[in-house]
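Line by line, the protein sequences are chains A and B. The opening position of the first sequence corresponds to residue 1 in the working numbering, with each subsequent residue numbered one higher. The opening position of the second sequence corresponds to residue 1 in the working numbering, with each subsequent residue numbered one higher.
Keep in mind that the hints are not guaranteed to be accurate.
[Unchecked claim] Selected chain A positions facing chain B (in silico; Cβ < 10 Å): (1) Q6; (2) Q37; (3) E44; (4) I56; (5) L90; (6) C91; (7) E106; (8) Q107; (9) G110.
[Claimed, not checked] Simulated pairs of lysine-lysine, DSS-like, Cα-Cα distance not exceeding 25 Å: (10) A:K40 x A:K22; (11) A:K53 x A:K19; (12) B:K49 x A:K36; (13) A:K38 x A:K9; (14) A:K19 x B:K61; (15) A:K9 x A:K40; (16) A:K53 x A:K18; (17) A:K22 x A:K36; (18) B:K49 x A:K40; (19) A:K41 x B:K49; (20) A:K41 x A:K9; (21) A:K22 x A:K41; (22) A:K53 x A:K22; (23) B:K61 x B:K49; (24) A:K40 x B:K110; (25) A:K19 x A:K36; (26) B:K61 x A:K40; (27) A:K53 x B:K61; (28) B:K61 x B:K110; (29) B:K49 x B:K68; (30) A:K36 x A:K53.
[To be verified] Taking beta-carbon pairs under 8 Å as the criterion, some of the chain B residues facing chain A (in silico): (31) G43; (32) L46; (33) F101; (34) G102; (35) A103.
Hints were generated in silico from the structure; no laboratory data involved. Note that the Cβ used here is the ideal one computed from N, Cα and C, for glycine as well.
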Amino acid sequence: DTEVTQTPKHLVMGMTNKKSLKCEQHMGHRAMYWYKQKAKKPPELMFVYSYEKLSINESVPSRFSPECPNSSLLNLHLHALQPEDSALYLCASSHGGWGAGGMTREQFFGPGTRLTVL
Amino acid sequence: AQSVTQPDIHITVSEGASLELRCNYSYGATPYLFWYVQSPGQGLQLLLKYFSGDTLVQGIKGFEAEFKRSQSSFNLRKPSVHWSDAAEYFCAVGGNNDMRFGAGTRLTVKP
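Excised from the complex, chain A in its bound form:
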């Protein structure tokens, strides 16, 4: 299995809702990433997990809460989002863990979750 899967594909939520995005990979990768991508913009790194531990949080608001329950799964819990949080949320993974050289490895991306906040 050489793919990263993400569910749901689309999500519409109100500003008071709580929802979660899910990402899964079975390639044995030990680094997993969340990116946010606005329309016609490049992906922006949000979080990096290495060996199931949070390694990087790019100053993301606390209304986004990542979780890595095991080496294959990565969740992003959403609460009290704002309309400007509407975007495509991409998950990616890479071989090995983070550490030195973590960002020098090829990342495998999932298809993304299209999030709309009303």
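Chain A is fixed; fit chain B onto it per the hints.
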């Protein structure tokens, strides 16, 4: 921190014509360079990467890229474009515990 510039926001080429997408990077050490392609509403797919060695790298779907250290460039090329190549193309540089993507170049292919 590293940075990437893709000077062309949008390029239109005719099917069968050659293609070159430009990428310039800024990084103090040896860069790890990538080209990704993204179809509308989809995730990113790696086309090719450069870490070291031969400066001309071959990728999937007939793409190649050439690393030129003197010009801080990593341009993507394809000799003959197919209609299915229409997509957004991102150049990226990795290192210093960070991955930076360029703003992207949107490719339109005319019949």
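Results of checking the hints against the structure:
1. Q6: The hint holds - A:Q6 has a Cβ within 10 Å of chain B, the shortest such distance being about 8 Å.
2. Q37: With a closest approach of 9 Å, the A:Q37 hint holds.
3. E44: holds (8 Å)
4. I56: holds (7 Å)
5. L90: holds (6 Å)
6. C91: holds (8 Å)
7. E106: holds (5 Å)
8. Q107: holds (7 Å)
9. G110: holds (5 Å)
10. A:K40 x A:K22: holds (24 Å)
11. A:K53 x A:K19: This hinted pair holds, its Cα atoms lying about 22 Å apart.
12. B:K49 x A:K36: holds (22 Å)
13. A:K38 x A:K9: holds (16 Å)
14. A:K19 x B:K61: At roughly 38 Å apart (the allowed maximum being 25 Å), B:K61 and A:K19 break the hint.
15. A:K9 x A:K40: holds (19 Å)
16. A:K53 x A:K18: holds (23 Å)
17. A:K22 x A:K36: Since the Cα atoms of A:K22 and A:K36 sit roughly 14 Å apart, the hinted pair holds (cutoff 25 Å).
18. B:K49 x A:K40: holds (23 Å)
19. A:K41 x B:K49: holds (21 Å)
20. A:K41 x A:K9: Status holds; Cα separation ~19 Å.
21. A:K22 x A:K41: holds (23 Å)
22. A:K53 x A:K22: The hint holds at about 17 Å.
23. B:K61 x B:K49: Holds, at roughly 14 Å.
24. A:K40 x B:K110: This hinted pair holds, its Cα atoms lying about 21 Å apart.
25. A:K19 x A:K36: Roughly 16 Å between the alpha carbons, so the hint for A:K19 and A:K36 holds.
26. B:K61 x A:K40: holds (23 Å)
27. A:K53 x B:K61: violated (36 Å)
28. B:K61 x B:K110: holds (18 Å)
29. B:K49 x B:K68: Measuring from Cα to Cα gives roughly 14 Å; hence the hint holds.
30. A:K36 x A:K53: Holds. A:K36 to A:K53 sits at ~20 Å (cutoff 25 Å).
31. G43: holds (4 Å)
32. L46: At about 5 Å, which falls below the 8 Å cut-off, the nearest Cβ of chain A leaves the hint on B:L46 intact, so it holds.
33. F101: For B:F101, the interface hint holds, since the closest Cβ of chain A sits about 4 Å away, which is under 8 Å.
34. G102: holds (6 Å)
35. A103: holds (6 Å)
The structure fails to meet hints 14 and 27 from the earlier list, while all remaining hints are met.
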